[in-house]
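Trainee: Spelled out from the first residue to the last, the chains are:
Number of protein chains: 2
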Amino acid sequence: MNYPSALPLGHVRFTGGYLAERTRLVREVVIPYQWDALNDRVPGAEPSGCVHNFQVAAGEKPGKFYGLFWQDSDLAKWLEAASYRLATHPDPKLEAEIDRLIATLAKAQGPDGYLNTYFQLVEPQSRWANLRDCHELYVAGHMIEAGVAHFRATGKRTLLDVVCKLADLIDRTFGLQPGQIPGYCGHEEIELALVKLARATGEARYLKLASYFIDQRGQEPNYLQAETERRGDKLPWHMYHDGLATLQAAQPVRELKEPVGHAVRQMYLLAAMADLAVENKDATLLQSCRTLWESIVRRHLYLTGGVGSEPYGEKFTEPFDLPPDRAYAETCAAIGVIFFARRLLEIELHGAYADVMERALYNNVQSGMSVDGTKFFYVNPLELIPAVAKRRYECHLVKTQRVGWFGCACCPPNVARLFASLGEYVASQRPDGLALHLYAASELRFTASGRDVRLAVTTDYPWDDKVAIAVNPTAPTEFTLHLRVPGRCRGATLTVNGQSQPLAPVNGYAALRRTWQAGDRVELVLPMPVERVHADPRVATVAGCTALQRGPVVYCVEEADHGPNLAALTLPRTAPLTVRRDPALLGGCVVIETTGTRQRPSADLYSTTAIATEATPLRAIPYGLWANRGEGEMRVWIRES
Amino acid sequence: MNYPSALPLGHVRFTGGYLAERTRLVREVVIPYQWDALNDRVPGAEPSGCVHNFQVAAGEKPGKFYGLFWQDSDLAKWLEAASYRLATHPDPKLEAEIDRLIATLAKAQGPDGYLNTYFQLVEPQSRWANLRDCHELYVAGHMIEAGVAHFRATGKRTLLDVVCKLADLIDRTFGLQPGQIPGYCGHEEIELALVKLARATGEARYLKLASYFIDQRGQEPNYLQAETERRGDKLPWHMYHDGLATLQAAQPVRELKEPVGHAVRQMYLLAAMADLAVENKDATLLQSCRTLWESIVRRHLYLTGGVGSEPYGEKFTEPFDLPPDRAYAETCAAIGVIFFARRLLEIELHGAYADVMERALYNNVQSGMSVDGTKFFYVNPLELIPAVAKRRYECHLVKTQRVGWFGCACCPPNVARLFASLGEYVASQRPDGLALHLYAASELRFTASGRDVRLAVTTDYPWDDKVAIAVNPTAPTEFTLHLRVPGRCRGATLTVNGQSQPLAPVNGYAALRRTWQAGDRVELVLPMPVERVHADPRVATVAGCTALQRGPVVYCVEEADHGPNLAALTLPRTAPLTVRRDPALLGGCVVIETTGTRQRPSADLYSTTAIATEATPLRAIPYGLWANRGEGEMRVWIRES
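If you read the protein sequences in the order shown, they are chains A and B. For any residue, its number in the working numbering is found by taking its place in the first sequence, counting from 1, and adding 367. For any residue, its number in the working numbering is found by taking its place in the second sequence, counting from 1, and adding 367.
Derived by calculation from the structure, the hints in this document are not laboratory data. Misleading hints may appear alongside valid ones.
Because identical chains cannot be distinguished in the list, a pair is counted as satisfied if it fits within a single copy or across any two copies.
[Said to hold, decoys possible] BS3-like cross-link-like pairs, simulated, lysine-lysine; straight-line CA separation at most 30 Å:
hint, residue 1, residue 2
1, Lys624, Lys757
2, Lys428, Lys474
3, Lys601, Lys523
4, Lys431, Lys601
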């Protein structure tokens, strides 16, 4: 497992509803589609070159390297996702295809363990020479994650051996001993991967190597600075404002008080820091994780669970600078938020982490993939006027509609690996029982007091507020079910076998301890009225606006329902908000409806009379499902009147 | 004169109040300061190199070219401004200094008439080879404007001869005849300059050349396209969205329906088109001017009279895309708006043109210069949060405080030449008398029915609504005074010698025809209540906001009066707005005061309870005078509650 407390992937089965549909899409549509994409078999999409590059490096075909220098990581992430799929849904055909691919990878690997097709095929003389920009250790990290996932899913060591050989090379190469490179990667990823490898293999040296990368980062003399000077390089464009802090490398990571720089890197770094805080019982590292978590959720988090408010360099900016139209909110960064939150949940069972994890999942990450699983967003703004986004330079990375693949295709396979491993986010095995984090129609298997227990969860969450859990231990067993009660939730109720139970959640979890019998039935009601959310007024760009939210789902209005100029809409403070389940819309969802007002266009650009308004029906749809009905305006934050 | 109907500069004297102070500052502070800057004598400011470059080109000193390739134009604009100053305030010392400078310029000029220190000193082989980027004709245009201004001010032909020789070279070089270059400049300017030269010299060939440049622009086969291909160039970064339309060169200029591309270029082009529409009695060109004017004022004009809403390339974008924080609203572009408006006023006496001219003058242009005349803004946003502006890439050209000089210092000397020639914007000589456009304490001399007439205007405009005009013809004379009544003005009243007069302005001007006697006294009251302005809701970024305006002056709130987080302020719809003259503030101005509300910071980034508010005093100051009290937030558009 990616998380020590997670249930093995094969022990969590989504049986229906929202998350089951997403995992099905990833399994049946996304993973096969991406395999085609990685093999350059998708007509009209930007070519990937990934498989081709490995085949060339393995000597299986002639040709040249194609793509960007971190291209291998796309394949690695797909391999990881496909491995998770094998764990939940064994598939001999897919497994054989993966075996063939792994054989190619093994052939491509250098005798010393090196594996990176760009540097093998294009710049063999430049190996490890530009850690700041060239992502070699990042790519290795993704390969390691794939190796661990494949080993866990299949028990085969084929890819694990490849990545151990690679990790051993890295271990020999990097460090503070004479002859070693005292560096670290410009893009964090290897660190969390090495923790996984250590856990999978039991080899402490991989943990030590991960700790070295974390501890050495940003220390003086600054390795990346020295490397930059050695090359006679200037700082590249994306380091414009922050210099090496773009890479979280301007100071030791324990000194960070606010998130900084490239958002995905920052989140991957934090995930590794949380892992190592646990593994090394490192209190100061844990404190840094907590400080950064607080800073992120209090000053840097989009309502949709995304981070990174500046497209230029895909970065964090100032506290409270969260413009909706210029949000970057990269799909990968929201996945990074989930990685970090899930790890903190590992350290401390606290609903605050699960709340953010769920927010990112249902909103920013869901926005990253179309409802049919064939198209993806990299950038996930909270407001879009297509003509403006196409015209203003600061929006030039925004796609106004999802696309099939990207030249830099980090996000689609990241979505795939997250959804393919989603079972690991549903629950945690606890010493005293089980904690349930995500509610979804599902069947779970776990162990309590040495006995097998099966749970069958029935719910239409996130659309419905009722969660029924059938508990089936193999024999009567005393243990605790920790049931998450979302922080937003008021008036939650609980029954066991029809008997009302007191519900007093501590840190967002209600602990239900009893001797469970086969056939026990828990019913939880988690009221989800429509809520009007307001941002702290220091978020200047949405002052005076409200956003609608129901349960974990953030809503938006779309041009498809209202015509253009969504800025002209206002939502009266007193307007009653009704919810309606629409099974035909966007794969089935709940819409929020009311009557709002719309300002009419003026005759003059500026006028000294009040703008005329008219009543208008308003319909909000789940943000995660936006842009599935053609190109048009979208807006999460609606002006309140 | 720059405008056929303008009064000669020596015939307009500002005697006190707002505009007199600005023209005094330009005369006594800005022009001497800029002369020091152009001579690299300002400690701490970015060096200019302008005078140095000419001295090197003239062989007067050794050295290399310094600066950007259009650097000569900074000097030319200063020369133009200084010449206007000589016209209004003769100054033998300055005149002698200018004479010496002109002698250097004449020495620097090549035997064939070529004059451009960059191409003479750095790339002599590349003359006229990159019209798209290299601004040679633009620089020549500014030199021509300087030559005309110097000739008009002093009667000396020294610089006029230099620029005629240069214009003659250009006339020989460019055109559709065999052996000529069928090109035009990437940055319009030469066109309007050649019209001035034609008017000053009476030489029709300069008009013909200007017409050629206008007519040839954007014609197929596209010269700039062909030139680009010849060089094997890519389009530069600033043409990212629009290609050659960035330079208004993607199609013949008569086909333009919306302003496009670089805002200063677009405005200079339009100024020249208006000039040529008059000179050539060209009805289709005039129609194009009118179409573009309407489009600009209806869809592309900032409330402050600025244009150019995209920093990346200093460009026009989509209709109604007028974000206040990402405004470019370059000082030079607002000056271009004034040039275009003043020329249209030449064609048709209509208050709509004067209203926009006045709006740009008191707001965007005034913002371009500090109240002490020593510092300048290039970019004039309508909203600023300094920490955010310093941190977001799309704001990286915004200065959060005015600076003394710029590496690309087009704006400061442009402000100087505008204010130094401001007398030309005050009034127009009409066949039947005089039209007054700008109200300022001033003395004017003009001719009506063959007789000299002097006007003495007494007013504290724009702070006070009363304008008194003493009319003094040398003998009783019948003529019409066309008095502008701003379009925003309701309830204006008029008396002549204390007798109330009917006031029925036509197209924004009240025509007062009578036989005027020495000592006649006109009193005009132009009520200027505080107005709440609302933008068309299609301006999405300011929907729900209001701006305050009084007379021609747009107001803003500043951190200096309210502390940070101005987005938290709201102005209740019913709040009474009081005005107060504050003689000590910002050189003396009228402030608007009321009680508003302020949202308190929240404990959480997002909350489902309403944000707490408190009453707070609000004080708005004139936008043009912002950023004169240290660095801080500023906001024109205030949320209305």
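Trainee: Now tell me, hint by hint, if it's right for this structure.
Mentor: For each hint, the structure was consulted:
In the homo-oligomer, the alpha carbons of Lys624 and Lys757 lie at most 30 Å apart only across protomers (20 Å), although the nearest pairing inside one protomer, at 36 Å, exceeds that limit. In this assembly of identical chains, Lys428 and Lys474 lie within 30 Å of each other by CA distance solely inside one copy; the values are 12 Å within and 69 Å between copies. Proximity of Lys601 and Lys523 under a CA criterion of 30 Å is satisfied in neither setting, with 45 Å inside one chain copy and 52 Å between copies. In this assembly of identical chains, the alpha carbons of Lys431 and Lys601 lie at most 30 Å apart whether taken from the same copy (29 Å) or from different copies (26 Å).
The earlier numbered hint that this structure contradicts is number 3, and it is the only one.
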